[in-house]
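**Student:** Below, each chain spelled out in residue letters.
4 protein chains.
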Amino acid sequence: MSLQRKLRYAVLGIGRMGSRHAQNLAFRTPRAELVAVCDPRSTTLEWAKQSLPSSTRVFTDSAECLGQDNVDAVLIASETGLHAKLVIDSIKAEKHVLVEKPISIDLETSRKVVEETEKYPHLKVMVGFSRRFDESYREVKKLIDQGKLGKPHLIKSATNDQHDPSGFFVSYAAASGGIFIDCGIHDIDLARWFLLPSNPSIKQVRRVFALGHNVQHPELSKDNDVDNGIGIVEFENDTILVVHCNRTMKHGHDCFTEVFGTESKVIVNGNPQLNRVEIRDIHGVRTESTPTYYERFREAFVNEVNEFTDVVLDDKPLPVSCADALEAAKIATALSHSFKTSQPVYFDDAGEPLLV
Amino acid sequence: MSLQRKLRYAVLGIGRMGSRHAQNLAFRTPRAELVAVCDPRSTTLEWAKQSLPSSTRVFTDSAECLGQDNVDAVLIASETGLHAKLVIDSIKAEKHVLVEKPISIDLETSRKVVEETEKYPHLKVMVGFSRRFDESYREVKKLIDQGKLGKPHLIKSATNDQHDPSGFFVSYAAASGGIFIDCGIHDIDLARWFLLPSNPSIKQVRRVFALGHNVQHPELSKDNDVDNGIGIVEFENDTILVVHCNRTMKHGHDCFTEVFGTESKVIVNGNPQLNRVEIRDIHGVRTESTPTYYERFREAFVNEVNEFTDVVLDDKPLPVSCADALEAAKIATALSHSFKTSQPVYFDDAGEPLLV
Amino acid sequence: MSLQRKLRYAVLGIGRMGSRHAQNLAFRTPRAELVAVCDPRSTTLEWAKQSLPSSTRVFTDSAECLGQDNVDAVLIASETGLHAKLVIDSIKAEKHVLVEKPISIDLETSRKVVEETEKYPHLKVMVGFSRRFDESYREVKKLIDQGKLGKPHLIKSATNDQHDPSGFFVSYAAASGGIFIDCGIHDIDLARWFLLPSNPSIKQVRRVFALGHNVQHPELSKDNDVDNGIGIVEFENDTILVVHCNRTMKHGHDCFTEVFGTESKVIVNGNPQLNRVEIRDIHGVRTESTPTYYERFREAFVNEVNEFTDVVLDDKPLPVSCADALEAAKIATALSHSFKTSQPVYFDDAGEPLLV
Amino acid sequence: MSLQRKLRYAVLGIGRMGSRHAQNLAFRTPRAELVAVCDPRSTTLEWAKQSLPSSTRVFTDSAECLGQDNVDAVLIASETGLHAKLVIDSIKAEKHVLVEKPISIDLETSRKVVEETEKYPHLKVMVGFSRRFDESYREVKKLIDQGKLGKPHLIKSATNDQHDPSGFFVSYAAASGGIFIDCGIHDIDLARWFLLPSNPSIKQVRRVFALGHNVQHPELSKDNDVDNGIGIVEFENDTILVVHCNRTMKHGHDCFTEVFGTESKVIVNGNPQLNRVEIRDIHGVRTESTPTYYERFREAFVNEVNEFTDVVLDDKPLPVSCADALEAAKIATALSHSFKTSQPVYFDDAGEPLLV
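Protein chains in written order, with my numbering: chain A, 232 to 587; chain B, 232 to 587; chain C, 232 to 587; chain D, 232 to 587.
Keep in mind the hints are simulated off the structure, nothing from the lab. Please note that a few of the clues may not be correct.
It does not matter which identical chain is meant; a pair holds if it fits inside one copy or across any two.
[As the list claims (entries may be wrong)] DSBU-like, lysine-lysine: derived pairs with alpha carbons at most 30 Å apart:
(1) 237 with 350
(2) 571 with 434
(3) 280 with 547
(4) 379 with 434
(5) 481 with 382
Remember, predicted model here, so these are calculated numbers, not experimental data.
Go ahead and model the full structure; you've got the sequences and the hints to work with.
**Tutor:** Dropping the structure here:
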């Protein structure tokens, strides 16, 4: 690791996650430097003054920000609807890009972004599937690569979000693409990472099936969404993913993954404990849980940007490409379609879901 | 509880489970008495002499055994193919019946048995769904009835059997009806118990979907069976069961059930530990697992026969009826059909699966 | 195992534990038979009529009960103060004896009982250290005997009782001999079982040290007792026991034992879970705990009486002798003395504590 | 938090922990800046060039390093024998000091350092008891302060180190002061933090008692040290610490703390798991353990230096003072003395151990 040169970042979008990314870049990344943040909101300047190094420039216009010569790379953490445009603007401005998932909730838009990035092969464009950078999932990947699981053949994974009685989540849901696209995409990406060979065939998926119901948020139905969704993905190599997404947990954020191999089974996050404290009182023997995905994956976000920095500075292959994101999006979209039509969705030989 | 009168049992079939049932009846049932065992095998007499009270009579012919006046009830633990015939013979002989699940691997045969038993309303006929008598599943039922879960809406359940390298299991599989009928029936029964009202409507199920693959036992394919099967059951009351059956675990028998309610979620058997010992050595921090279902459910089998005895002696309602067994069998059969046809199977308004 | 002959028991003392023992003997012991119970209380007859086989005779006078020819063995579960007398009466009546621990809270009385039993070598006299019959502690003993722990050198053990706000416990404490004798005796017996060779030298202990305090029950101080006591026992073979006894837990009865060996460490009952149910709700991820020692050791009491029955019927060596009980009592008494005098207590070459 | 001014650090001693501290200061501390490192070893320069920002100056002479005007604070991570001298040199050079524990293995030397620091009240001098900065122990402190434990009255704590077959540890032991001073000091500090009031009386401890044995490292005996030590500390406010230190674990570094309160008990690090992965294979259900204290406390070291930085920049009170370190050292020294003399050690009214 050389510390001679640092990668200079701008963060586009300083919302909840963007502000965390900016602080990671300012204080947790040996080879990266935060040089700018950009957000149209007027509060950004004040926040940045309080929370970021004084050397950080603050922009309200992304074009202006992308025009800066001292910006080598951008981290896009804007609202989802702007991801695709900002990726394209950034590569046109010759910046490397780390964009939060998803590229888009719309498959065609994602596809166009992938095609556009392929025109800039000298630029690195990575989609932030944060779980790939979590130490526990990485340990599973290592165990698989070492053969400790035998042949991994089945993944059962659940992304259980804590119930949000404030209603914020529901208002946000309409723009999220629905539960399989917003929430299941992480489990889908894990399944592709763990179950498929590193050079998978064009047709990766045989078929998917999904169903679901609303138990806390009946108002989601008007957007054809649910607060509990179950999806099954049968891959072409005869491996299977069963994914459960929900928004209705009372104890916290609880994402739980079982990977079944012929020699062993591993579980990630069997108990979503917040820390190493156990309490024994009138409620029994108990642990507190991580309230949100952020407490669960805080370090993964740091690893993610550090690893992307290495990829750019050392010209290494991307750990997760836009093509990976597109494949995951196809599956999530197919699950959404299956849920809405009550039918299995098959994939054709070109690897495209038949959304009939 | 009156101890004045004891229910006098004959056990039909002294194989692996039958011999355990006979010993339970001999030594673990305050209100029941073992008076006879029956098995055509010549080794039975010798085993009984070693293992049972000397007062126990041994028969090789079931008709002769059923003809005994001092037999009030029979426990049928023969091979599955004989269950239906022995139930009918027993009720015709005016005996109460506790029969191991399933009544039959064939839906029509089960249906005929149910119809026959309805002609003998004064006799109690119970199918031994042992998990209903396990203290942990009963605790869950109690929590549900107390409202502690809010509305239970989703069950994810897995029956994971330890891999049997001897091949015994495969030879047995052909007569078992396949993984959903042999192994999934317990999870299906639990789901009906936990998710449906006590007086469910005629049409209980909306549709099912199943898939699976063979990872250790490719020879199962010739019987159209798998060693890992996944099934989804969407009930008419909008609750869902996701069931996973497998025969490929290395650590032991591990049946794991999650029950999701709107107020809390409960897990049964998160760690299938054999006892209360934890070992910390070069393999890490670890526990041993129950090798088979028997170590897991040993006490449930005792509870089962004690509770059935109470039902008969005190003329109480059956905790699980032949009609319950038939409904579970319909669902298991539909899952098998879905697996074989790769299509969802729908149920009609009469509650029958459309096995097209 | 021969079932030809059954050992015929009388249970002396039908209090809380005596009634459970009587039911175990009536319904859970293939080779034992309950023929009589004896208790001076007038309620006994009624209880026995409801709860025991009609063949069980009920006595109010122990001498009359011990005079019965059809009684082969007695199980003594009276109040502690009567244990010694009843043991001696029973062996004089030529009965085998299984007596609840302790023989006496007074060391000299225990010693006299041991001396008396030695005059009847044809009779089996066992003290009911129930943990020796618990499947988890037995598994630890097996692991030790197999060498899996290397050399076991240190035990840290805690007997944590649930806090009893009713005050019953305090009223009982005065007659119990204090926390080390009443409660620590089990941990001491385990330590001797796990740490000492099967034929230990006469001088087994080098010294002990104890201290304690009252945090919930200041009224215990008037009897020179505490609700939290810590004891250390240094054995002559250079192994160590650290024992903690308390009466102040809020979650349940929690007895927790760590056995440190040179190759591995084992823990018994790391989580005192009541059953296999885990709840995830607003209180976190949690399990319920066994409320009392009885839920924890229910099966151990059954094993205990079954094993004692085998010992008598098959003339096998006692798994735990009166001499073992006496040695444990010496240690407990020395701990009590150390607590009261604030000084270490040393043992002399004859294996006696120097209670100066 | 103002980011306008950064605290400029030199790290003295770039060994195993010093190099980690230097990297934390370089990359993980928003308000701190690493300006220099100092180590007499010739390899330091090369390592610093590879691992630290190019702006970091490298010294081999501590006097020269301490003479730099742009150094505001030092972090002392040298070998223990140099701690005291470097602390005094540093405060004389008007630098704030964060020194790794212990100040010295010799009580009188520690006392002199404390006295010296009192002459420089404008300088902050903190001893790095890293557990105080661990999120789990902090959670316990918060629960105590919130009254969730009722009155905390007893701590049972163990620092279990992984067995080191290389013999490195033994060679290091002679200079470490023995197991109670080297290893137990952390548990002692925790006990003082959790059990004593924030302004404890002069006499904090009533008496201590210790014992121990060697099971893997008999060669330690020549230095009067052991690989397993047990200590008991009875505080003047009638609370108790039981501490177990050992060097003989096979599964990893396992430091385990139980805090008993009148309303609840909490456990820290019941399972010393390395990550959130659980493996189920032929060895059972298992987790991997943290191999050393560093994997366990990595983030605590970052918190520690960030918090010390805040203390200096915002002139806040020290979370753990030199006086705290001295009190812990008195207790550890008393335990060592008790072990060597086989006698309890009492403290006098001035709070000094009577090392007779």
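**Student:** Confirm or reject each hint.
**Tutor:** We went through each hint and held it up to the structure:
1. 237 with 350: Only inside one copy: residue 237 and residue 350 sit 26 Å apart there, 44 Å across copies, limit 30 Å.
2. 571 with 434: Both, since 23 Å and 23 Å are each at most 30 Å.
3. 280 with 547: between (34 Å within a copy, 23 Å between copies)
4. 379 with 434: within (27 Å within a copy, 46 Å between copies)
5. 481 with 382: So residue 481 and residue 382 pass the 30 Å test across copies only (13 Å; inside, 35 Å).
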